[in-house]
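Trainee: Residue strings, one per chain:
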Amino acid sequence: MSGPDLLAPEALERARDEALAAFTAAPTLESLAAARTAHIGDRSAVARARKAIGSLPGTEKADAGKRVNVAASAVQEAFEQRKRALEQERDQRVLLEEAVDVTVLPPRRRGARHPLTTLSERVADVFVAMGWEVAEGPEVEHEWFNFDALNFGGDHPAREMQDTLFVEPAGSGLVLRTHTSPVQVRSMLDRELPIYVICPGRVYRADALDATHSPVFAQVEGLVVDEGITMAHLRGTLDHLAVALFGSVGDGKGIRTRIRPNYFPFTEPSAEMDLQCFACRGASAQPGGEPCRVCSSEGWIEWGGCGMVNPTVLVACGIDPERYSGFAFGMGLDRTLMFRHDLHDIRDIYEGDLRFTSALGSEV
Amino acid sequence: MRVPVSWLRTLVPDLTASADDIAAALVRVGLEVEQVHRVGHDISGVVVGEVLDVEELAGFKKPIRFCHVSVGDAVHDVVCGATNFAAGDRVAFATPGAVLPGDFRIATRQTYGHTSDGMICSAAELGLSGDPDGILVLPVDSPLGADVVELLALRDEVLDIAVTPDRGYQLSVRGVAREAASAFGLALADPGLAETPSADSDGFVVRVDAPEACDRYVARVVTGLDPAAQSPAWLQRRLTLAGMRPISLAVDVTNTVMLELGQPLHAFDLAALRGAIVVRRAAAGERLVTLDGQDRALDPGDLLITDDSGPIALAGVMGGGPTEVTAATRSLLIESAHFAPLSIARTARRHRLPSEASRRYERGVDPALAAAAAEAAVRLLVTLAGASAGVVTDVDTRAPQPILVLPAAAPGRLAGRDYAPQVVRRRLEDVGCTVAGDDPLAVTPPSWRPDLTGRAELIEEVLRLEGYDTIPVVLPTAPAGRGLSAEQRLRRKASRSVAAAGFVEVVLPPFVSPESLDALGGGMDPPRVLNPLSAQEALLRPTLLPGLLAAVARNVSRGLVDVAVYETGHVFVGPGGTAPPTPGVDGPPTAEQRAALDGALPPQPRHVGVALAGGPASWDAAVGALVELGGALGLTLQPRAVEAGPDLHHPGPYHPGRSAELLLDGGRVGLAGELHPRVCVALGLPARTCAGEANLDALVAAAAAAGPQPAPVVSHFPPASVDVALVVRRNVPAAEVEAALRKGAGELLEAVQLFDVYTGAQVGEGRRSLAYTLRLRAADRTLTDVEVLAARDSAIAEAGRRAGAVLRS
Ligand SMILES: [Zn+2]
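Top to bottom, those sequences are chains A and B. Oh and the first sequence: position 83 is 69 in the working numbering, straight run, nothing missing. Residues are numbered in the working numbering as their position in the second sequence, beginning at 1, plus a constant of 3.
Among the clues, some could well be false.
Here chain A is said to cover these stretches of chain B; the calculated rule only asks that three of the stretch's residues, wherever they fall, bring their Cβ under 8 Å from a Cβ of chain A [to be verified]:
#1 412 to 423
#2 496 to 502
#3 558 to 572
Just so you know, these hints were derived from the structure itself, not from any lab. Virtual Cβ for every residue (Gly too), placed ideally from N, Cα, C.
Modelling step: build the complete structure from the supplied sequences, incorporating the hints.
Mentor: As structure tokens, then:
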């Protein structure tokens, strides 16, 4: 076909129609691409027609150009349309084929921190928020810090009571600390007054391991030495900690603590402290109350010991008892953890079974 | 201390409160009442019966009796296996429907061919002590049909009180009664104030050669004892309820007095004594056979009671065999003495002989009580055994009670509330103090309260008796604090980092066996526990690995397949030093004393350890966890292979080709990698178990010292990437090549990434190819091709110089 024939209106219409038919008939993007080469490419009828325009006389060029443009854009338009349709079809098929079971996650190790660690940090944070600081000390300790400075005389029956683990060499006075109180002694010797410190840490007793006793356990002690410190301040601090750890603020009345007289060489007066049962809030001990498993229907849970720092301890630490007074308290973190999580065997804490830690790993 | 409430009421006659109320009141003032035991409350339907006739039934293996028992309004047939009664005896008869202790219900039943319509009770069946094979025969005047529970006062409560070491006086009914009396505001009938006869000039001769350990020694002679006399039922019952076994009249009397007053007494067989009693310390080489049959070598610190024959008792602890009271004893010497607590405590501990007596002496016995207690025992022996009171000896060298000065407002100042001066005075008087003056008060503590040694102790008495629950609740205001220390924050971050890497934290006891350390290569000398909980695990861990690896093995043995655990905690390196002198407590230790104390402690740094097995466990997870931990703290930990010798000997427990030491600024701070196969076998671990451990304190210290990091310049210009493939000798670590590339590329280098490692024919034997992408970027411009190529060439040249690398062709 010669140039002018290619530009005939019928020829252009035919070329357009053939192109449209070819595009519509193309079943895949690949065949569509082939159809595009045939009907839009350089050797297509429309392309060749466009080239033929140049050979026309000037007067006819404008008309012919217009015709070619109309046909070309119709062809291009049809191609684009078909391409979009085929792409959509392909995407639909591929995305469907690529679908996965989103409930199958590849195995990934999930780590966890031990609940004793998180609880210890939590207690520390409560006190740090009040301006206290966290004090630490060695676990193998000299008896002077563990006993002597704390008013345990050499033959004090309480010194036996502690069932201490002694460390070689014999007679060196080295012990595994039986409480974190030696950290209190170090704090009083080393820190500026006033002192507001919390002492979390591991302690040791020569106790046989059973469901409720571990020879190694975690303790947290607190110590305040300042002018004008009273037993009322001790009570206020204990109540505050109880609410921070167990109390719901929502009902306006937090968990309470109570103190009962007791004896410790390093405090005078000394007291045992009980925590109001956080489960029944003491209701189980009332007449007609529902029985409570957490507190054995006593309404209170034994939590630890406390008291006003014995003046002899202040003297041993170089603090003037005429000017300063102080209070101290201590409780078992294991015990706290046990009743917080309804745990009945302390051995679970120290056995290293990762199922235990993992299950409580979401604690903060 | 077990205190029968009926006994308590005899000392506080107006005390009508219930046992539970008494217990609650005692708890409130600080006595630890652990339990209120109820006895006899579970008995009903037992009445006084009279045995009308007795028929012995023949043909059975043991004696069986068929009797008729009248209870007044009815006569019961009853079959009975006991033989210690006769027609006409009054007995405790359980009628059908009766209940005995232990919910033992009595019903009519057929036995030995007869109907048995009830039961004749033994003492034991009623919860009393006595012959379990014989029935309890009641006095003939017991009213027929009367309720035996009422008649014998079988119903009682016993307060079980845990006594703290400072409260020796509570180891007596008297001491507890004093607390009850003051709690209820009632009068105490104090048996300690009984009249006592004065000493006789011709009393039994007693000489005290150790007055520092014995400031009071009362000796009473008692003669004409009826050896057949038995302790009456009431006395036996008191002892039984208080938890002591009735033994013989003389022993029961001394025990009763000790329980009531808290004064231990000792009864010597007077006929067995040779000459005067001398109280003295033991001489070297002396021995004594104590009542328990033990032949004991005595210590020069032991306080002894002696006579001409030598030691006859360990004072305040246990008597000796030859002077023991026997069934034939007709005359006694009763000792009622006051011994120093320390001396008794040491002797009891030395000979492992805790006794009721030593327990009381250790906690402090009232030295004023000796005469009254001896008198109480003598009176009982006179009444119950027909004895005669003989001569009285009283060696008394007691010091006067100290007078303590107490400002009247001091208790209120420490409590945080006010107490009226008259309240302070009354409470001190309640506990037995004599109080003089208005303000300050001059307080003389009572003789039975050796624990009242200072102002704080007096304040405690006021506060506890007024009730701790009356103390207000006030939160103290601390000065502004500095928060957690940098080290504390860094340790938290380190722990979180390991957990984030997929490790589960464990908290393990620090006791390890020598074998477990040997399995890890040995060469460690950690401190040893002198009295370990387990003889096998007597060492304190010098490394976290034994515990972690045992935890891995335990988890694996429990069926867990992918185990990754970590721990942070103290390890104990090297034994402690020699014994420093122990400073006194009347002031702070001097700088030298303090340095000696601290210097005696073994180094005990905190470590962090990881261990993993099963699943995708591989050396790089262990090394990576510690490197990442370093990264979390802002530290670059450089792994480096540890030089392995020709025999593949390697320090520690690791696989010589798959483990690394971790270097911080060139110094080793940790080791990690796959365990040596022999270690896995020795410890029962899965093959290819991996582990690692680093000195957490060292890492934290380095991080804390580093201070704030400078901010980077974040360039907004495009990067230029260029790849280089270098051939090096096979044993050149990639880290060395990378370090050279970094140095050579200079400051335009933003990142280096190793993306391919090739070994094979193309690069030659003993060599490997390492392909890196270098990302280059300038802060202030787009790099030109010339700049990029210059940096690349410089990097390659440096790698050539430092690592022998050549560009792969
Ligand atoms: Zn409860």
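Trainee: It remains to establish, for every hint, whether it holds in the given structure.
Mentor: Okay, the hints, checked on the actual structure:
Against chain A, the stretch 412 to 423 of chain B contributes 5 residues with a C-beta closer than 8 Å to a partner C-beta. That satisfies the three-residue criterion, and the hint holds. By the rule of at least three residues with a Cβ nearer than 8 Å to a Cβ of chain A, the coverage given for the stretch 496 to 502 of chain B holds, with 4 such residues. As drawn, the stretch 558 to 572 of chain B meets chain A at 9 residues by the rule of a beta-carbon pair under 8 Å; at three or more, the given contact holds.
Every hint, counting from the list given before, is met by this structure.
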